[in-house]
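Trainee: Just so you know, the sequences run in chain order H and B. So for the first sequence, this note's numbering puts the first residue at 1; every next one is plus one. So for the second sequence, this note's numbering puts the first residue at 1001; every next one is plus one.
Some clues are possibly wrong.
Subject to a maximum C-alpha distance of 20 Å in a straight line, what follows is the list of computed SDA-like cross-link-like pairs (lysine to any residue) [as the list claims (entries may be wrong)]:
#1 1178(B) with 541(H)
#2 283(H) with 311(H)
#3 253(H) with 1056(B)
#4 345(H) with 1088(B)
#5 10(H) with 1177(B)
#6 539(H) with 1017(B)
#7 542(H) with 1179(B)
#8 345(H) with 1127(B)
#9 575(H) with 1113(B)
#10 1173(B) with 5(H)
#11 263(H) with 152(H)
#12 345(H) with 1066(B)
#13 499(H) with 523(H)
#14 540(H) with 1176(B)
#15 1173(B) with 1188(B)
#16 540(H) with 1044(B)
#17 1195(B) with 1097(B)
#18 531(H) with 598(H)
#19 573(H) with 1113(B)
#20 547(H) with 1142(B)
#21 598(H) with 559(H)
#22 499(H) with 471(H)
#23 10(H) with 182(H)
#24 540(H) with 470(H)
#25 540(H) with 1177(B)
#26 10(H) with 1107(B)
#27 575(H) with 1107(B)
#28 542(H) with 1178(B)
#29 540(H) with 1174(B)
#30 575(H) with 1098(B)
#31 10(H) with 1088(B)
#32 263(H) with 126(H)
#33 531(H) with 559(H)
#34 1142(B) with 1172(B)
Note that these hints are calculated values from the structure, not bench results.
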Amino acid sequence: MSNLLADGGKQLLLGNEAIVRGLLESGTGFASTYPGTPSSEIGNILEKISSDAGLYFEFSTNEKVAFEVSAAAASAGVRSFTFMKHVGLNVAADPMMTLAYSGVRGGMLILSADDPSAHSSQNEQDNRYYSTLALLPMMEPSTPQEAKDMVAEAYRVSEELTLPLIYRTTTRVNHARGVVNLSDRVQPVAKGHFDKDVVRFVNVPANARINRKRLLEIYAKAAQMSEESPLNFIEGDGDIGIITSGVSYTYVKEFVKGVSILKLGFTNPLPEKKIASFVQGKKAVIVVEELEPFVEDQVLRICAQNHIGVPVYGKRTGHLPRAWEFSPDTLSGIRDIVNVEEFAKPLPASTVKLPSRPPTLCAGCPHRGLFGATKKAVGSKDVVYCSDIGCYTLGVQPPFNAADFIICMGGGAGAAGGFDQSTDQKAIAFMGDSTFFHSGVPPLVNALFNNHKIVMVILDNRTTAMTGHQPNPGTGRDFGGVTTDAIDIEQLVRGVGAKFVETVDPYDVKRTTQVMKDAIAYDGVAVVISKCPCPLELKKRKMLEAKRCVVHPEGCIKCYTCLKTVACPAIIKGKDGSVSTDPTQCIGCGMCANVCPKKTIEVIR
Amino acid sequence: MKYTVQIVGVGGQGVLLASMVLGNAAMEMGFQVAMSEVHGMAQRGGSVLSTLRFGDEVITPLEAVGNADMIMGFEPSETCRNIHLANEDSVILMNLDPVLPSMVAAGFEEYPEVSDLVDSVKAVNNHLVTIDATSLAIKAGKAVAANAVMIGAVAALDGFPIPKDVLKDVLGKQVPEKFRELNLNAFEMGYEAAKH
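Looking at chain B on its own, in the form it has when it is part of the complex (with noise of 0.2 Å):
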């Protein structure tokens, strides 16, 4: 078995914390874990993309492309913008709210609609599973909880290798105390909505 996660987001948004937890989860289940991230200049507000690749016989920390089982992704535009990692048969999670780019922000850009991304990627997978991760957080108490909403999900999501409680448990060690309660809230909230 192998199994390959392309997180996508933006630098700021905490994917680095999500492959970490991600990637303790694969480690305490026995799997070999090759992970590889971005770091440094890339992280100034820009794309970023972590890859986690799990199972036996693991030892290569990039994918090849079109060869992901699951594309977790942040943001909607980074989430198209990565497309071509995944094939037909992949997984797509995608956070639907997005993180305006500085040269939309600033009006010389413009941000596509939604529901424009989303229908996209539906048209060439059958596998999208989206969620409001963002306001979810938001409502169990903190933005910043997104990761923690997007973790849940994928531990809701089909053929996902890792159970549900082994990414709880390692989640709950990874978060300062004082906000443990609100992120695995957070969890259950991003578990029950990529169920459903």
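Chain H with its partners taken away, still in its complex shape (with noise of 0.2 Å):
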């Protein structure tokens, strides 16, 4: 596999394992994150190499404080790194406005990973506009190799402007792989000094003020790099130009013939007169980019401001289209204009009525335990679920559609509270232990202070599953050469007041489901600790148990509790009704025999 502290050579790299690389070959001290798709591999590479590369890594609380603690190391002068999910930086939004203001002295970059298509997302915002919105420099590759190459020369951009830097990609970008040539690596400088200035680093009104002006400054200069910089650049001849950045490039260079194209790299702010004169005296020109039309717009603004009339297409004129990620089948929406390569006929769709197979919980999650407890408390009771952000997200699916309302990382306690006040619904919070830590005390506070009645449920499965179990402040940390506590959630759900707090087992559904009655009773906050190890966590440890169920047929009476309440995919109905487990799944967790009325199933070490 790939060997990302080597000395050189090529390999064949993910996205995101080229843009570590790019870390490592930049000299990189400091790095942080909250983890998000399609980022979340960087983390978990430097969570395994950060020490042999002599680097600072960590996983943060949330965004915004990834975002902090690299703004701290960047203003001390040392080259940081913070990368995050397209919605992660919504989080870290705050600091950013500011951090705008006072610059920084070592390089800092900001990743910002977007999702086109919301592949494991809950919307496909479109980042590129929080540059113009911070008036911060940005860049974006297009390929893995550019995903390592241009994080050299960010840094070099970021220090010359005293600017952080938003390094934006895709999940096609993120997750796409390629062969990547190495550079040397360079030694990372992993502390700095922090040299005081008080006008620049404390944002006051008075300095505010002064520091607004001094990033429109910098930002005009910010123009002046972008017309000069080798990232911005024109290949082939045509008397139809194609503008565009990312991943949206590949297609235009792989499909389009005769045409000149104006790759942009450096994406803001965008080199205006480059672009001017590169529209100037074409027949047409083309945008090609992903959702909104950002480079589009300026395009447009660009042309009216100096008097320029050849014809823009794109999303404006509807030949492409905003929503959803590209392909090279986007490109029919511009095959009237230009030379579009003919792809070949695809056969057309089976026949044969095929199964669905979305996404499910796995065989064993104790997510399963607790949601089946619930709604078995619930009854016909007129509930709102407020779900969140991570594994227990498919709790929407049947049997337990356990989800009702879902925003944001730690939305759903806060949603609870709202809806306990304004209907006579009851609210019913589900968060994991990661979203806890990131955005889910102040909710639960705020539910305290203001008397919302809410049930939260924590599900807490000792890791940050869905992105790829990551540690997390309730798992403490060991790795890079700092170890830590586990901070304990009863505790601190205790120690800012909360009156009913239970910690159950989810693998005893009995149980749960009587703590749930209470919970639901409970004429206050009522807090819920699910607390059960994720399986697919303890197999990659090799701390999962050989066990499995076993149902006894003699004993079965077809009633399929078990099916109904769990519906764990290791239990398996045959055609002839009767009810056996795949030996294959099963991972013998037990909450199937735990629920059946007949005692029939059997828990096998």
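Once you've looked at the hints, go ahead and assemble the two chains, each given alone in its own frame, into the complex.
Mentor: Below, the structure is given as structure tokens:
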């Protein structure tokens, strides 16, 4: 597999791996994140190699804190790197907007991993607008090789401008894989010194006004650097021009013939003069970019200001879509204007009715027990399930249907308070352990403060599971030469003043059901901690005990309570109606045995 | 020359590892390589698709619908779900051992007859190669070696531009030492099965 500490040569690297290598070739001394797809692998790799590479890395409690620790490091002159998924930057936007005023001394990159098509996200927001909102320079690589190479250039620009730089990627860059030629590693400088400068780093109103003007001056210099940047270049000839960036460039490059391409890598500020001279004299110009018309609208403005009457095609003309990621097929939208390669005729969709296969909670997932118990405890009561971001989001699927409202990290518990106050429905919030530390404490405090009578269930599976099992404050840290104690969720919850606090083992579905009944009936804030480690994590650590559940058919009355309650994919209902377990999937958690009214399911070691 | 393989299956079947082996082999051959993978939420037992493209002048990690030279299908219903990625000239490799979706296991939905799935592909494409990869892997020693069986089968398919010995060599390098022999045996079994 890949070896990111290698001395040179070429390797087949994931975009995220290439980015890590870029850090190692740039002497980055400090990195921080809160995990989120499609950026998560960067953290997983740094967790493993940061010690050997000589840089400091941490999983921070949320993106805002991740941003702040990296901001401090860069202010002290250490090259820093903070990375997150697109919606994570919303959480970190507060410090970002004002750090732009202060700027940094060592280079600082803010990686925003956007997710067009929302493969693993709740929206497909286009974070390029953050660069114009914060007045920060931005770069966008197109391929894994560029994702590595551009890191060094990004640090150079960040330091020359003394501003943090937004390094914007998308899923098809982060999760693309390609041949990457490595350069030499640069020894990181992990320690700096913070030289005080009150006007610059203390943004009280009087200083903020000064820094605002200072930022605008630097921004003008950034525009000049963009004009001269080798990352914005023209290739090919033709009287039709295509302006493109990011992964969209690869589709144009490979499948459109006979055009002149202006490829943008330094995408904020845009090189306005370069764009004006590129458009001038063309028969037409097409802007090919995913999501919003970020470049297109600016090209239209640049044309207007320069009195250029060349038609500009793209999203505003309806030739290219605004929703969802592009693929080579998307280019069919501009086939009338340019020469797009012909694609083979696809086979028709299968005539056989295929079973659906959505992502699902794993066999033996403790969340199944918690959801099964909750549904039973709720019965026919009118409740609103306020869920959150994590594996337990999958509770939305049948038979649980245990998600009525999901917006963002930590958002479920906050909304639960609002539903409690504004309706007569009982609000039940589900939240993971990592999410609780990310943004679950403030809504809990809010519910206590304002007397919102919610049930808050913390699904503590002892890891940040969905993004690939990262540690969180509830597990403590043990990597990179730093060891810390786990923070006890129950103590924390009691510490802020919750009176109803119960910790349950969700594999004991019966007891969990009783506790959920009590929590729902409680006249106040009720916190239930559903504590059981993620079996996938145990498997990874080789700590999963070898057990399995066996159904004794003679005792089975085919009531299907097991299927209806925990709906574990390891329980199989045969065509004859019999119930059995799939030995390749079953982990012997015993949830099905716990709910079997005839005690005919046995856990065998 | 350009060649595209669409690797389809179910999260946990080893689609990613297979794409890594084919991709590294393509790199060994001196080709340009562009791949795209599915990570994150979709992996939790859902359908997964990995695109591998290699050749001269290849830069795009995604392929147009219908443009695949090969579908490497780890699971019969997933092969059919993605059949539109292929055209009538594409080679289609299909593992015949189903992985039941949770709603099928629980009796809420039905899994079609595998023979019907095979026939539906045959009706539109003359280049279908079927294989019992999971059964062969169990014969070789472990069900998880179905991966290696599938890679061996790819080596035997008409027109695949990477020679068998290169694929086998890369596979050997990518699996842990103690499972090397098992995987290489599974590879050979896949090769033989697909050849006949």
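Trainee: Does residue 1113(B) lie within 20 Å of residue 573(H) when you go C-alpha to C-alpha?
Mentor: Cα-Cα ~17 Å, so holds.
Trainee: Run the distance test for residue 531(H) versus residue 598(H): straight-line Cα separation, threshold 20 Å.
Mentor: violated, 27 Å
Trainee: Checking one constraint from the list: CA of residue 499(H) to CA of residue 471(H), max 20 Å. Satisfied?
Mentor: violated, 28 Å
Trainee: Below or equal to 20 Å on CA atoms is what counts here, so check residue 253(H) against residue 1056(B).
Mentor: The hint holds at about 13 Å.
Trainee: Would you check the hint for residue 542(H) and residue 1178(B), treating anything up to 20 Å between C-alpha atoms as holding?
Mentor: holds, 17 Å
Trainee: Is residue 10(H) close enough to residue 182(H), meaning Cα to Cα at most 20 Å?
Mentor: Holds, at roughly 6 Å.
Trainee: Taken at face value, is the distance from the CA of residue 1177(B) to the CA of residue 540(H) at most 20 Å?
Mentor: holds, 18 Å
Trainee: Run the distance test for residue 540(H) versus residue 470(H): straight-line Cα separation, threshold 20 Å.
Mentor: The given pair, whose Cα atoms are some 12 Å apart, holds under the 20 Å limit.
Trainee: Just to be careful, I want the Cα atoms of residue 598(H) and residue 559(H) compared with a cutoff of 20 Å; is the pair within it?
Mentor: holds, 10 Å
Trainee: Is the straight-line distance between the alpha-carbon of residue 539(H) and that of residue 1017(B) 20 Å or less?
Mentor: holds, 18 Å
Trainee: Does residue 1179(B) lie within 20 Å of residue 542(H) when you go C-alpha to C-alpha?
Mentor: holds, 17 Å
Trainee: Would the hint linking residue 1178(B) and residue 541(H) be met if the CA-CA limit is 20 Å?
Mentor: holds, 18 Å
Hint compliance for this structure: hints 5, 18, 22, 26, 31 and 33 are broken, all remaining hints hold.
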